[in-house]
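Read top to bottom, the protein sequences are chains A and B.
With the first letter of the first sequence counted as 1, position 69 gets the number 68 in numbering that gives the first Met the number 0; the numbers rise by one all the way through.
With the first letter of the second sequence counted as 1, position 121 gets the number 120 in numbering that gives the first Met the number 0; the numbers rise by one all the way through.
No lab work stands behind these hints, which were simulated from the structure alone.
Everything hinted at is true.
You can't tell identical chains apart in this list, so a pair holds if it fits in one copy or across any two.
Quick list of in silico lysine-lysine cross-link-like pairs, BS3-like style, CA-CA up to 30 Å:
#1 K153 with K69
#2 K69 with K43
#3 K84 with K101
#4 K101 with K61
#5 K101 with K153
#6 K101 with K43
#7 K43 with K153
#8 K69 with K101
#9 K153 with K57
#10 K57 with K101
There are 2 protein chains.
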Amino acid sequence: MKKSSVGEFDCSIAKTVSTIGDTWSLLILRNAFHGMRRFEDFQKHLCIATNILTDRLKRLTKAEILYRVKDQDDARRVQYRLTEKGFALYPVLVALKDWGDKWEGNYDQPRMVLRVRETGELIPPVAVRTSDGRALHPQEVTPTLGEGADELTKELVEFRVKD
Amino acid sequence: MKKSSVGEFDCSIAKTVSTIGDTWSLLILRNAFHGMRRFEDFQKHLCIATNILTDRLKRLTKAEILYRVKDQDDARRVQYRLTEKGFALYPVLVALKDWGDKWEGNYDQPRMVLRVRETGELIPPVAVRTSDGRALHPQEVTPTLGEGADELTKELVEFRVKD
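Here chain A stands alone, though its shape is the one from the complex (with noise of 0.2 Å):
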C-alpha cells in the first residue's frame, strides 16, 4: 500500500489531522473559538506571517471550517467566523488545553480556566464517558467494526482483540 499522503489514510483521525493538524491552524480555530474574526487581529496576536496566515484561511474556509463574511464595519474587510463544523471542532481544542496544561508544565498555574458562561462554574477536563457521565479508561473502551471498516481497520481491531 503507497500512500501519496497521510490524509489519503481510511482514518477519522488521519482526515482531520491533515485538515486541521498543523499548529498555526489550531491557534487560529483557538482565537476564532474567542470570538477573533479579522486578518489583521490573527496577524497581530499570532506574529504570523501574512502568507501562511493568508494559505492557511483559505485552507480552512475551504473545508468549510470558517466562513468569509463581510465585516459590517467597513466593506471593503472580510471576516472569518466559524461554521457549524468548525464549533464541532471544540472538543478537540478543549482536550488538546486539558493535556497541555497538565502534562506541559502548566498544572500549577493554568493560563486560562474555562468556565460555564451562566454559572461561572469550572468546566471539568474533556473525557471519553459512558452515557451517564462516567469518565473511561482507554483499557475500559473496546472498539468494534463499523458498516464502512475496511481491511485496515480490520486488522487493527482483530491486533486488539489477539492482544
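Position chain B against the provided structure of chain A, taking the given hints into account.
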C-alpha cells in the same frame, strides 16, 4: 515578538500540538491505543518509512508519551508502550475520530464504533460538559484568566469580552 518555533508559544494547545501534532505521531498513538507495541507491527500496518517511524518513536519516547520495555518473547527487541501521560491523550484521539466520522464523510458508515468493554454500551461523542454531564456549546463557555496568564492570554480573554 519573534518565535523560532510555534511550540514556544506559552499556550497549552501549541505545546501539545508541537509534541504530538504531526499525523504520523497521531497514527502511531492510535495504533498504540489498539495494543500495538512492536516496531515491525507499526511499520507494517502504517506502511511508514523506517526512518520516519524511528524518529517519531524517539520523539514520543522523549516526550514520555511512550516508554521502551524489553519484549518478553524476544529480549533483543523492545516494545513501545503508553505511559500514563500517553494514556491521557485518549480524549484528544477520540475527539479527532468523532469529528472526522461526522464531518469528513464517514458518518453514515463509520469504520469503527467504540463501546464500553464490559457492557457493550455505545460511547457517545466526546464533548465539553458541565460537571453534571450536560454538553456545552462553545458559546456557553467563557474563559477566565488563570494564575499563569501572560500578556497574550490576557489579550485573548479581553478580546472575547469585547466581542
